[in-house]
Every structure is written in structure tokens, then in C-alpha cells.
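Engineer: Read top to bottom, the protein sequences are chains A and B. Using full-length UniProt numbering, the letters of the first sequence correspond one by one to residues 1 to 175. Using full-length UniProt numbering, the letters of the second sequence correspond one by one to residues 1 to 391.
Incorrect hints may have been included.
[Said to hold, decoys possible] The calculated label-pair distances, taken between Cβ atoms and stated as ranges, are: (1) B:G97 - A:Q22: 21 to 27 Å; (2) A:D59 - B:G97: 48 to 54 Å; (3) B:D28 - A:S149: 19 to 25 Å; (4) B:E327 - A:A14: 51 to 57 Å; (5) B:A245 - A:R159: 22 to 28 Å; (6) A:D53 - B:P25: 17 to 23 Å; (7) B:P192 - A:Q130: 35 to 41 Å; (8) A:T114 - B:A245: 31 to 37 Å; (9) A:D53 - B:E206: 35 to 41 Å; (10) B:R121 - A:A156: 51 to 57 Å.
Simulated from the structure, these hints should not be mistaken for lab results. Ideal Cβ placement from N, Cα and C applies to all residues, glycine included.
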Amino acid sequence: MSAKTAARDAEFTAYLDARQPQLLRTAYLLTGDRHQAEDVLQTSLAKLYLAWDKVRDRDSVDAYVRRIMVNENNSLWRRGWKKREFATEVLPDREFRDEYDEGLGAALWDVVQTLPKKARAVVVLRYYEQLTEAETADLLGISVGTVKSQCSRALAALRERVPAELNPGHREEDR
Amino acid sequence: MSDPEQLLRDALQDRAERTSYDATPLADVESGAYRLRRRRRTVGAALTAAAAVVVVVVPLAVVAAQDPETVPAPAPTTTPSVPTPTTTPTTPAPSGGPPQIAYAEGDRIHEPGGRVFQLPRDLGVSGFVAYRGGYLVADARYFEGSVGLTRYDAGGRAVASWTSAGRPVSSADGLVTTWTSFAPPESGTTAPTLVHVASSTGDGPEVTQELDLIQPSVVGMVGVDVVIEGGFGAGGVWATDLVSAPRRIEVLDRATDVSDAQGLIAGSVDQDAIGRVVDAATGEVLWERQGVTVSAFSPDGRYAVATASQGGRREIVEARTGEVLAEVKASGEEHFPTLLELTWEDDGHLLGDLAFNCCAHLGRVDLDGNITPARPRGEIGGTGFVFAATS
């Protein structure tokens, strides 16, 4: 391995160590499925690795990866053509069960999961990654107005569909 | 509901924090990157094998004609006539050997290996890709920006036809094919203007998206995005993943080619006066040059072809910087052929449609710009050549 490659890999590894947990969480919120999240992130990191020398501004790497992840998540419709299922006599070693509470958080998550992918990406980037409207619009390649309208619709859906009794402000508002 | 935005923040944060993950080590990332690099090449080979298996059990309706100049011996009757995928081959093209990618001449599509796919009607060919065992062919019935697009099955039968613009294009790995369709204004009928993306082998769904564009044409695919030129009206260059609304690539007025390998789009602004190469992901203009058209990225995306607006001089340039690497030694001057179309045969060679002494010739251009015949001397064509379009 050349010194240049070694330095490049060291720099990339440092980025992985520092940012991977956060990126995994974002991927999970985008996909709603742990295995898909890992799949999306692995592909995104592979693409980032290939493009590492081209991403000149290291401060923008996160934005670059987020964009790849959003595109990868949206591209699952293409993967159906590429993937084939094979019969096997070997059972998976363990079942994955996604455990979570049954209260307000679950109700909100249910609503988020029903959002179209584009709207869901807007919600995750705005309210989890806490990007600004302009940053979200730039990353998704849409207008700020579209970001606002998608957020507005998502919040309206929350108000409409989350049971009132789960709302912490419910009792106070009723008084 | 009390501050739904804060509730949403808290819920997402909590949800994300509670879920555990297995971190991906660098070795796995490198392995994934390696697979991405190799995919376009290995998939092409796999598709060839798969197509051959299918065809052995399917009765052939048409016996493909042999090209006597390029095939030394008759093929056995069980040899499949299904077109070879139009992806770029992995092995370097032999100097002076027959073309290693499919090309059309008149109503015949010449496949690598010497087989000839005969189209049932001579409507001309302006573009084509291997599709569902046969071909998707844009003909030369050019009218007010539109052309006819016909799908031919493996037996050479026309099984579907649309009005389109431009030409169909396959993804770099050959797995996916994309094209546009619309109702021509002169037909008096109405139909949505659509961009289509479908599995090239026909074993997956066809996905469409309605476009608010007039007679758009496909330029190519970068990642999951289809890059489209807007045609009449709004025009412009657009990218869509067929899920979100198409987004305009503001820094280009027209687009000529894409490189999926490098994530690049070539095009122009200011009525084609300035050629540009743009990073497809960021929209950053990597370089631009007055008075040239940039087109034809090599399969690995390292090189492109720049054509001078005046004089038609062709240069092989470094795709990301525009640095001139070589001038193609064909200038249209006396004793030199005129280059009409260039496409990459592999990462080190281009195929050229050459006009010389009133005849069409097929030539091979190396990275130093030297031209050698790609078909035996004396074998000339009268109609010119068209090459398969791959992202």
C-alpha cells in the first residue's frame, strides 16, 4: 500500500469512527428498517470511499453522504430488479425484533413511517438532523417552499392522527 | 397538541438512540467500493451468459444473418441470436479487429462477434439499446423534434411502438433502460409525457413518471437519476429519480452525455457557445470552455471528447479538468476523413463514423488520436453508423 493510500484510508477511517453512528441513525429514520438502513449506509459509504478524493471540502462530507443516503433509499425500487432471492436450507441465525414503547413516540413514529419517502426525508433532515429549511432544500434538490409545505403536511398529519390522550398537553388544554 | 415540532424532534431522537447497529469496518467499505467498481463489467458478462441460457430453450423465429467479413466460420444453429448487451467490454479492443460494441448500419445491427440483427423495415436508426432479448430502436423518422421508437423482440418482430425524442439509453451496468414517450402534437391525440425506466432483461417492473416538459429526451443515467433534456418550451436539463419531482440542473441549458462512473454531466450553455462538465451530485461546474461541445465520456469516466464549434476539431480531454490529452487526427481537410460521430469502445479506444471520399467508414481512434480502420479495407458503408447508447 502506498503512503498516499495509507493516509487516505486513515483519514477515511477517522471519519467512519466519528460519524458512522450518527449516519446509521439517520439511515434508520429514513428507511424505517434496521437492515435496510445498514444496506443503504454500506452502499453510501462505498460510494463515499470512491469519491473521497473528490470531496474537497471536508466540512461538507456529511451533507454529501446524506444526499447519497436519500438517493439510495429512494432507489430501492431499482434494487428489486437487481436482487434475486435464493432458496436456502440454512435458517437465519436470529430474528430481529424492533422493540419500542407503545406510547406517544410509537404513535408519532407510525405517522412518520406512513409519509411518502420525499416527505419523510424532509422530516428526518429537518427535525432529526436539525438542518435549516434552506439546507434541507439544497440537499434534496427541492425548493424551500416545498420543504415548508412538506413539513406543514407532516405536522398536520401528526395533529390529526396521534391520539389526543397520548399528547402530554392534552389534559391542560382540556381544562 | 403542544408544540408538535418539539414532540417530533424528541420522538425521532429517542427512536434513533434506542436502536442498535453494527458498525461497518473499513474493510467492508472497501469491499463494497470494489464491487461497485466491478459491477458494470461483471454484470455485462453475467447478462450475456443468462441470455444465452434463455435462448437455447426458445425456438428462434429468425436465423440471424452472418457477417461474412468478420466471422470466419458459420456458427452452429444452436448459437443464440439474442443481442449481446451493449455494455462496454472488459478486454481492450484488438487493433484492427472488428468493433467490440454493437453498431447499426442502415437496417442492420451488427453485434460483437459478427452476428447481424436484421430490422424488418428500413426506417433508419438514430439510436438503439439491447432490450428484453431484442432491441429498442429509435428510428430516423425525425419530425419536429420527435422520432419513432420501436421495440423489437429476439426474433426481429416489432412488438410495440411509441413517439419519442432522442434515443433510448441503458445504464452503465446494462441492467436498466430508459426512454421517453409522448403524443406528438400533430397527432391530435393527448397522452401524458412520460419518462420510462425498465429492466433491460424484462424481468422487473417498468416505472414511469409524468413530465411537465414538451418532447423531452433522455441523456443518460447517473446513479438512480435519469438526466433529461427538456426539449421545447421550458427546455433545460433535468434530473429525476422517478420518485421525487424532477429537479432542474440550472448550470446547463443542454446536455450531451453523462458518466455514471464519475457522476458527471456534459452539456452547454449560452446557445451551445460554452461547453461545460458538471458534477451531477453537487451541480458544481468543474470546467468550461468557449467554443466547444463536450460529449462522449469514456466508460470509466476519465476521458471525454471535445469538439470545436468551428472546424470540427476533435480532442480527447481529461473529463474532470478539461486538459487536452490528444487531438484526433481527422480534420476534414484533404486526404483526411471527417468524423461524424464518436463513441467509446472501451476505456482506451473510440469508434468513429468517418466520412471520406463520399463514403462512410468505421474507424478506431486510440488515446493518442490515431485512426485505424475498424473493418476490413474495401468494406464501406453508404449510410453511416450509429452506436448503442450507454450511460
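Engineer: Given the hint of 21 to 27 Å, check if G97 of chain B and Q22 of chain A actually sit that far apart at their C-beta atoms.
Structural biologist: violated, 53 Å
Engineer: Evaluate the given range 51 to 57 Å for the C-beta pair formed by E327 of chain B and A14 of chain A.
Structural biologist: Hint violated: Cβ distance 44 Å, outside 51 to 57 Å.
Engineer: Between the beta carbons of D28 of chain B and S149 of chain A, is the distance compatible with 19 to 25 Å?
Structural biologist: violated, 39 Å
Engineer: Do the beta carbons of T114 of chain A and A245 of chain B sit within 31 to 37 Å of each other?
Structural biologist: violated, 20 Å
Engineer: That 17 to 23 Å hint for D53 of chain A and P25 of chain B (C-beta), does it hold up?
Structural biologist: Once the Cβ atoms are compared, 21 Å apart, the range 17 to 23 Å for P25 of chain B and D53 of chain A holds.
Engineer: Evaluate the given range 35 to 41 Å for the C-beta pair formed by P192 of chain B and Q130 of chain A.
Structural biologist: holds, 39 Å
Engineer: Take a look at whether the Cβ-Cβ distance between D53 of chain A and E206 of chain B falls inside 35 to 41 Å.
Structural biologist: Holds: the Cβ-Cβ distance is about 37 Å, inside 35 to 41 Å.
Engineer: Given the hint of 48 to 54 Å, check if D59 of chain A and G97 of chain B actually sit that far apart at their C-beta atoms.
Structural biologist: Given a distance of about 50 Å, which is inside 48 to 54 Å, the answer is holds.
Engineer: Just to be sure I understand the hint, the distance between the Cβ atoms of R121 of chain B and A156 of chain A should be within 51 to 57 Å; is that true here?
Structural biologist: holds, 56 Å
Engineer: Please test the hint of 22 to 28 Å on the beta carbon pair from A245 of chain B and R159 of chain A.
Structural biologist: holds, 26 Å
The structure fails hints 1, 3, 4, 8 (numbered hints given earlier, in ascending order).
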